[in-house]
Amino acid sequence: MAVIEVKNLKKNFRVKLKEKGLKGSLKSMVKASYRTVEAVKGVNFEVQEGEVIAFIGPNGAGKSTTIKMLTGILYPDGGDIRVLGIDPTKERKKLAYEIGTVFGQKEQLWMHLTPYDNFKFFGAIYDIPDKEAEKRIEEIKELFELQEIMNTPVRNLSLGQRIRCEIAASLIHQPKVLFLDEPTIGLDPVVKDSIRKLIKKMNKEYHTTVFLTSHDVSDIEKLCKRVIIINNGELVMDDSMENLKYHHLNKKIIEIKLAKMADFSNFDGIKVLKQKDTNFKLEIDLKKKSIADVLKLIHSDDLIDMNISNTPLEEIISEIYRDGVKV
Amino acid sequence: MLTAVKNQIKVTFISVKYALMREMLNKTTFLMNVIFMILNNASFILQWVVIYSLKSDVGGYSFGQVLLLWGTAASTFGFAHFFFKKSFSLSDAITNGKLDSYLVQPKNVLISAITSDVEPSAIGDLIYGVIMLIVSGLTIPKVLLFILFTISGGITMTSFAVILASLSFWFGRADSVADTGNGMITHFATYPDGIFHGISKIILYTIIPAGIINYIPVSVMTTFDVRLTLLVLAITVGMTALAFLFFYRGLRRYSSSNLMIAKI
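In order, the protein sequences belong to chains A and B. Start counting at 1 in the first sequence, then tack on 4, and there's your number in this note's numbering. Start counting at 1 in the second sequence, then tack on 807, and there's your number in this note's numbering.
In short, the hints are calculated from the structure, not lab data. Quantities reported herein were computed from a predicted structural model and do not represent experimental measurements. Note that CB positions come from ideal geometry on N, CA and C, so glycine has one too. Zero decoy hints are in this set.
Across the chosen pairs, the derived CB separations fall in these ranges: (1) F1031(B) - M154(A): 53 to 59 Å; (2) G82(A) - G990(B): 40 to 46 Å; (3) V41(A) - L809(B): 42 to 48 Å; (4) T1013(B) - E9(A): 47 to 53 Å.
Result set (EDC-like, lysine to aspartate or glutamate): computed pairs, CA atoms no more than 20 Å apart in a straight line: (5) K20(A) - D982(B); (6) K11(A) - E55(A); (7) K817(B) - E136(A); (8) K35(A) - E23(A); (9) K817(B) - D131(A); (10) K813(B) - D134(A); (11) K180(A) - E95(A); (12) K824(B) - D121(A); (13) K824(B) - D131(A); (14) K817(B) - D134(A); (15) K256(A) - D267(A); (16) K208(A) - E55(A); (17) K817(B) - E138(A); (18) K813(B) - D131(A).
Using the sequences and the accompanying hints, generate a full structural model.
Pasting the structure below:
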């Protein structure tokens, strides 16, 4: 069942143009001119119940604008949105009871209050009776391992603990869909990992659909089975993570350590990424050369060590951002 | 519907309570804010003591009525700034995309946004208003009317601030317009309306509703008039409806932002 349905979604922003300097300011006061920026240009996609999807794109691609339209923050200029069958533009409050949101860059918690008081406040916002709220707080406390920080004011928590509390607070009303906008921004690798584990656990235990935006490729790789890429307000890819890797992995990285010096610079399909003495890091374009072709260039007696790996996902995504792959 | 209103009121009171708890974290600053506001207001009365030592009547007001005028002005200002502080900086929230967190909650965006903070010094205004009421002479009907007009005036003042701030949805930064408009109500509300004539008087009963917030209430507290009381209440309801209409019409044009924001 599709929990998010987006059809031909559009959003424009009107940006005031101003020539430089005081003269430009005076001129714009007399006659202002505007430019229309098409932030989202007719986007279509669906998200199924229980999916964890990554909605990614470079800065200014339109991902935050899309997520804000899906959650009822922004009004679209065209198209149709249904989240759990609800139109956010017409029934914002009804939708708010069913979804949870975490914006990594915007705190929703009261900083001077403890996580417990914050959770109680969120319980009241979602009209959860006191007894039921207490029960859910207990549950969330266990799930997110918040026992030790429950009575510490949020301002005294570390960033990682705070984000954990932000996510926990967004779950108090047991939302069916969770929108996470850059939830791991600014966190260290250990904390990032624990946040990812929590998201996974939550998806598994509550069957929550997760709509995630992140610039961190590890978030996407470790959490999502499907990736939607948006660039310049248009979808450039909507595919499973497996397909993304399969179709775009036409390059391999070979790291070799040789006993003797060799020269790989003049072969079509082989690019020397790094060389230090007899240690080489090569990028092989599989359309032009196979791994066997490369190995034929090396005498087996000279080979001390070898490692073959895929192109990092980060590079694949950067390439899609740069060149675009139309869906 | 009734449950929804009850829940909204519950959340509003929790929000105000939490904001007050935050302010009370620093006891000394909190108390200083309250006390200094009382002293600040008291300093203005001194000029009226001097004026009434020279004249017995200013714009048709006795000294007792001026005290009541100041009392009502301070209490309405205090009520509005204590409970609805953020309505006076709503323009900034609109322009800089600070409404996002309220838009994803199943509550009224406007009420949630304007009740998310309290002004401790406004408690000083409220206390000062009560002191002025006592000094001007206490009667039970006067006390009841004073409470009623403090609430109605505070709501009208807040509605006026919301309408001005909502202009930001259409014209970008309207904070200076809102500040000027809000400042004008406060300034005019502390002078007897008898000193204003012609167009200025019309403006004070329409565009700048100082007359509705202060002049008519003082007149009713001096000589009770049921029609004027109902008029004040009707205008309060009308202004509130207009504030909601302006804000929600404008909200469709809200453009959010990507600023890093913390709720501190």
